[in-house]
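Enquirer: For reference, the chains in residue letters:
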Amino acid sequence: GENVEQHPSTLSVQEGDSAVIKCTYSDSASNYFPWYKQELGKRPQLIIDIRSNVGEKKDQRIAVTLNKTAKHFSLHITETQPEDSAVYFCAASIRGNQFYFGTGTSLTVIP
Amino acid sequence: NAGVTQTPKFQVLKTGQSMTLQCAQDMNHNSMYWYRQDPGMGLRLIYYSASEGTTDKGEVPNGYNVSRLNKREFSLRLESAAPSQTSVYFCASRTGANTEAFFGQGTRLTVV
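Which chain is which? The protein sequence lines are L and V, in order. Going by the working numbering, 47 is the number at position 47 of the first sequence; the sequence numbering is gapless. Going by the working numbering, 1057 is the number at position 57 of the second sequence; the sequence numbering is gapless.
Accuracy of the hints is not assured; some may be wrong.
[Claimed, not checked] Derived list of chain L stretches under chain V, where covered just means 3 residues or more per stretch with a C-beta under 8 Å from a C-beta of chain V: (1) 26-37; (2) 97-104.
[Unchecked claim] Pairwise CB distance ranges (calculated): (3) His72/L - Ser1018/V: 38 to 44 Å; (4) Pro1083/V - His7/L: 40 to 46 Å; (5) Gln60/L - Ala1082/V: 43 to 49 Å; (6) Ala29/L - Val1088/V: 40 to 46 Å; (7) Glu1100/V - Lys71/L: 17 to 23 Å; (8) Asn1062/V - Arg61/L: 19 to 25 Å.
By construction, these hints were calculated from the structure, which means they are not laboratory data. Given the structure is predicted, the values throughout are model-derived calculations rather than measurements. Glycine included, each C-beta is placed from N, C-alpha and C at the ideal position.
All chains, full assembly: derive it from the sequences and hints.
Expert: Below, the structure written as structure tokens:
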């Protein structure tokens, strides 16, 4: 199966600063890379995704970049706010509908 | 629309007991998944069903069985619960390979 590695495991930033979370994957057949946000006690929810035919995608303060050659993708959050504090998961989806997640990054935005 | 519904929300089992976690989705999705979430280990795939009538093992299938009862429902069974199966279990569903997955609210299972 796919192996998705995520770094860092914890991240603290000052409000207004940027946060970057990085993931790598092992299977070159992976073709869909979503990012999920999970608030304490809640279910994971999609915040942004990117497909293998695109290098970058933005949605307001959130962006994702994909480097298929190096097999890594990153989440960028700009102008962070306290409500961005949560656990963020990357994931990779490959043939046969397999869908694997990274180990998560706990982001704390300090007011 | 209810989305993805899991039952129960909480459960305490004794070692060796069996139970079935239920999951149902009303979004006409083809694919369904079961994950377990443990601190520091993210979401690990237990089993998945790419379409009605098919099931496949994920990363951590040992000690579990699944049934895709119909397009809507995908159940996870623990035949003989062990303390190592204490976890939060999430069911998810999606239309196909490159689409958003929607999660249920989770089941917190404790095995004593």
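Enquirer: Now, for every hint given, state plainly whether the structure supports it.
Expert: Consistency of the hints with the structure:
1. Counting residues of the stretch 26-37 of chain L whose beta-carbon sits less than 8 Å from any beta-carbon of chain V gives 3, enough to reach three: the coverage restraint holds.
2. With 8 residues bearing a CB less than 8 Å from a CB of chain V, the stretch 97-104 of chain L meets the requirement of three and the coverage assertion stands.
3. Look at His72/L against Ser1018/V: about 42 Å separates their beta carbons, and that is inside 38 to 44 Å.
4. Checking the proposed 40 to 46 Å range against Pro1083/V and His7/L shows it is violated: the Cβ atoms sit about 30 Å from each other.
5. Taking the beta carbon of each, Gln60/L and Ala1082/V are about 45 Å apart, inside 43 to 49 Å as hinted.
6. Remark: the range hint 40 to 46 Å for Ala29/L to Val1088/V is contradicted by a beta-carbon distance near 30 Å.
7. For the hinted restraint 17 to 23 Å between Glu1100/V and Lys71/L, the CB-CB distance of approximately 22 Å keeps it satisfied.
8. Taking the beta carbon of each, Asn1062/V and Arg61/L are about 41 Å apart, not inside 19 to 25 Å as hinted.
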